[in-house]
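Chain by chain, the residues run as shown.
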Amino acid sequence: DAKTTQPPSMDCAEGRAANLPCNHSTISGNEYVYWYRQIHSQGPQYIIHGLKNNETNEMASLIITEDRKSSTLILPHATLRDTAVYYCIVAYYNFNKFYFGSGTKLNVKP
Amino acid sequence: EAGVTQFPSHSVIEKGQTVTLRCDPISGHDNLYWYRRVMGKEIKFLLHFVKESKQDESGMPNNRFLAERTGGTYSTLKVQPAELEDSGVYFCASSQVYGTANTEAFFGQGTRLTVV
Numbered sequence: 001d002a003k004t005t006q007p008p009s010m011d012c013a014e015g016r017a018a019n020l021p022c023n024h025s026t027i028s029g030n031e032y033v034y035w036y037r038q039i040h041s042q043g044p045q046y047i048i049h050g051l052k053n054n055e056t057n058e059m060a061s062l063i064i065t066e067d068r069k070s071s072t073l074i075l076p077h078a079t080l081r082d083t084a085v086y087y088c089i090v091a092y093y094n095f096n097k098f099y100f101g102s103g104t105k106l107n108v109k110p
Numbered sequence: 001e002a003g004v005t006q007f008p009s010h011s012v013i014e015k016g017q018t019v020t021l022r023c024d025p026i027s028g029h030d031n032l033y034w035y036r037r038v039m040g041k042e043i044k045f046l047l048h049f050v051k052e053s054k055q056d057e058s059g060m061p062n063n064r065f066l067a068e069r070t071g072g073t074y075s076t077l078k079v080q081p082a083e084l085e086d087s088g089v090y091f092c093a094s095s096q097v098y099g100t101a102n103t104e105a106f107f108g109q110g111t112r113l114t115v116v
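Chains as they are written, first to last, in this note's numbering: chain A, 1 to 110; chain B, 1 to 116.
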């Protein structure tokens, strides 16, 4: 069963920041937070992951609360091509057995 | 660098037939995973190889599914005999091992299997 809770859908205006929340209140000390997205029927695409510090890469930023019970994925300037289902996943660092859950359907609108 | 490659991209077979799906992981990745999404459901883990060894096959639905990774390179997933409920998209992913940690997993584009 998925260990995370995400809103089923969100809208975002093109060019604005998209902030996708995720609750993972039962996360253990050795579990990382991963974010993936699936555009249409393509394979899941890796976005970013982190343990407890905030992380940033060329795609997005990941903000993890101090108690690690929730996190937010930030797409700084959403484009129409960012329309996808976004999955927040917690998993141990030593293997990648992911529970995908239902994710958040992000709709980026012109 | 080539990503995870899956063959075929689509397969339509009749109930009772056999189908073999293939996955070529990213070169040098010791970890290889199979996942699938059946109609209307979430993406589910099937199994995990570390090199040629099955590390975790707890997600395999039944004994009609057989996964192999001879030589620790590419992997095959055979469904024999196929049933209607096996229809869905089968994803393969791979990741590298660094010390005691794994890198992020990269997924292929999937094989869409339709059993009629």
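For the record, the hints were derived by calculation from the structure and aren't laboratory data.
Some hints could be false.
To be verified - Below, a list of computed lysine-lysine pairs in the DSS-like style, where the Cα atoms sit at most 25 angstroms apart:
1) 3/A to 15/B
2) 54/B to 78/B
3) 51/B to 97/A
4) 109/A to 97/A
5) 54/B to 105/A
6) 78/B to 109/A
7) 69/A to 105/A
8) 78/B to 15/B
9) 97/A to 52/A
10) 97/A to 3/A
11) 54/B to 44/B
12) 3/A to 69/A
13) 44/B to 97/A
14) 15/B to 41/B
15) 78/B to 3/A
16) 78/B to 41/B
17) 69/A to 109/A
18) 52/A to 109/A
19) 78/B to 51/B
20) 44/B to 69/A
21) 97/A to 15/B
22) 3/A to 105/A
23) 15/B to 105/A
24) 44/B to 15/B
25) 97/A to 78/B
26) 15/B to 51/B
What the hints assert, rightly or not - Chain A is nowhere near these chain B residues, computed Cβ spacing over 10 angstroms in every case:
27) 24
28) 48
29) 53
30) 71
31) 105
32) 109
The beta-carbon is built from N, C-alpha and C at its ideal position, and this holds for glycine as well.
Against the structure, the hints:
Between residue 3/A and residue 15/B the alpha-carbon distance is near 35 angstroms, which puts this suggested pair outside the 25 angstroms criterion. For the hint pairing residue 54/B with residue 78/B, the CA-to-CA distance comes to about 15 angstroms; that is within 25 angstroms, so the pair holds. Taking the CA atoms of residue 51/B and residue 97/A, the gap is near 16 angstroms; set against the 25 angstroms cutoff, the hint holds. Note on residue 109/A and residue 97/A: the hinted pairing is violated, with a Cα-Cα distance of about 33 angstroms set against a maximum of 25 angstroms.
Between residue 54/B and residue 105/A the alpha-carbon distance is near 33 angstroms, which puts this suggested pair outside the 25 angstroms criterion. For the suggested pair residue 78/B and residue 109/A, the alpha carbons sit about 42 angstroms apart, so the restraint of at most 25 angstroms is broken. Restraint check for residue 69/A and residue 105/A: the C-alpha separation of about 21 angstroms stays at or below 25 angstroms, so the hint holds. For the hint linking residue 78/B to residue 15/B, the alpha-carbon distance of about 14 angstroms falls within 25 angstroms, and the restraint holds.
For the given pair, residue 97/A sits about 20 angstroms from residue 52/A by alpha-carbon distance, which is consistent with the 25 angstroms threshold. At most 25 angstroms may separate the alpha-carbon atoms for a hinted pair to count; residue 97/A and residue 3/A meet this at roughly 12 angstroms. Pair hint residue 54/B plus residue 44/B holds up; C-alpha atoms about 17 angstroms apart against a cutoff of 25 angstroms. Taking the CA atoms of residue 3/A and residue 69/A, the gap is near 11 angstroms; set against the 25 angstroms cutoff, the hint holds.
At most 25 angstroms may separate the alpha-carbon atoms for a hinted pair to count; residue 44/B and residue 97/A meet this at roughly 9 angstroms. For a cut-off of 25 angstroms, the pair hint linking residue 15/B to residue 41/B stands: about 21 angstroms separates their Cα positions. Among the hinted pairs, residue 78/B with residue 3/A is inconsistent with the structure: their alpha-carbon atoms are about 30 angstroms apart, more than 25 angstroms. Restraint check for residue 78/B and residue 41/B: the C-alpha separation of about 21 angstroms stays at or below 25 angstroms, so the hint holds.
Restraint check for residue 69/A and residue 109/A: the C-alpha separation of about 30 angstroms exceeds 25 angstroms, so the hint is violated. Note on residue 52/A and residue 109/A: the hinted pairing is violated, with a Cα-Cα distance of about 32 angstroms set against a maximum of 25 angstroms. Taking the CA atoms of residue 78/B and residue 51/B, the gap is about 18 angstroms. The hint holds against a cut of 25 angstroms. For the suggested pair residue 44/B and residue 69/A, the alpha carbons sit about 24 angstroms apart, so the restraint of at most 25 angstroms is met.
Between the alpha carbons of residue 97/A and residue 15/B the distance comes to roughly 30 angstroms, so the proposed pair goes past 25 angstroms and is violated. This hinted pair checks out: residue 3/A and residue 105/A have alpha carbons roughly 18 angstroms apart, not beyond 25 angstroms. Between residue 15/B and residue 105/A the CA atoms are separated by roughly 33 angstroms; this puts the pair beyond 25 angstroms, and the hint is violated. A distance of roughly 22 angstroms separates the Cα atoms of residue 44/B and residue 15/B; the hinted pair therefore holds under the 25 angstroms criterion.
Distance hint between residue 97/A and residue 78/B is fulfilled; the C-alpha atoms sit about 21 angstroms from each other, no more than 25 angstroms. The hinted pair formed by residue 15/B and residue 51/B fails the criterion: a straight-line CA distance of about 32 angstroms is larger than 25 angstroms. Annotated as non-interface, residue 24/B keeps its C-beta farther than 10 angstroms from every C-beta of chain A; the closest such distance is 13 angstroms. With a least beta-carbon separation of about 6 angstroms from chain A, residue 48/B fails to lie farther than 10 angstroms from that chain, contradicting its non-interface assignment.
With a least CB separation of 13 angstroms from chain A, residue 53/B remains clear of the 10 angstroms interface cut-off, as annotated. At roughly 21 angstroms from the closest C-beta of chain A, the C-beta of residue 71/B stays outside 10 angstroms, upholding its exclusion from the interface. With a closest Cβ-Cβ approach of about 4 angstroms to chain A, residue 105/B is found to fall inside the 10 angstroms limit, against its non-interface label. The beta carbon of residue 109/B sits about 5 angstroms from the closest Cβ of chain A, which is not more than 10 angstroms, so the claim that it is off the interface is violated.
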